[in-house]
Amino acid sequence: MNIEIDQSGQITKTNIPTVFAFSNSKNYAIVIPSKVKKAITKHMKIHYQKINKPYLSLFAACVFLLIKDVIRSTHIIILEKNLKLIY
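Numbering-wise, our numbering puts 35 at position 35 of the sequence shown, and it's gapless, one number per residue.
Since the hints were derived computationally from the structure, they do not count as laboratory data. Warning: the hint list may mix true and false statements.
Across the chosen pairs, the derived CB separations fall in these ranges [what the hints assert, rightly or not]:
| no. | residue 1 | residue 2 | range |
| --- | --- | --- | --- |
| 1 | R72 | K42 | 29 to 37 Å |
| 2 | T74 | K42 | 27 to 35 Å |
| 3 | N24 | Q49 | 38 to 46 Å |
It should be emphasised that the depicted structure is a prediction, and the values quoted were computed from it without experimental measurement. Glycine included, each C-beta is placed from N, C-alpha and C at the ideal position.
Hey, can you work out the whole structure from these sequences and the hints?
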């Protein structure tokens, strides 16, 4: 199975929620409310000071949570072509 992941709401914009989703034979989506993004990045900056790009870590965690149940049956993962992760 191949999956293409789409993102709505830039992960670095903490005033709007972010949604990660894909739809093939199965449909999966996760929503990260803006309050949760703020709390996670604040926590990471305080407790994990070696992580200098908390949004990248948050992005990777979100992608993992989205695909964890289908990773064994997935051959190719395509991230949205217009995806922007700006610091």
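Each hint, compared with the structure:
no., hint, result
1, R72 x K42: 29 to 37 Å, "34 Å, holds"
2, T74 x K42: 27 to 35 Å, "33 Å, holds"
3, N24 x Q49: 38 to 46 Å, "39 Å, holds"
The structure agrees with every numbered hint stated previously.
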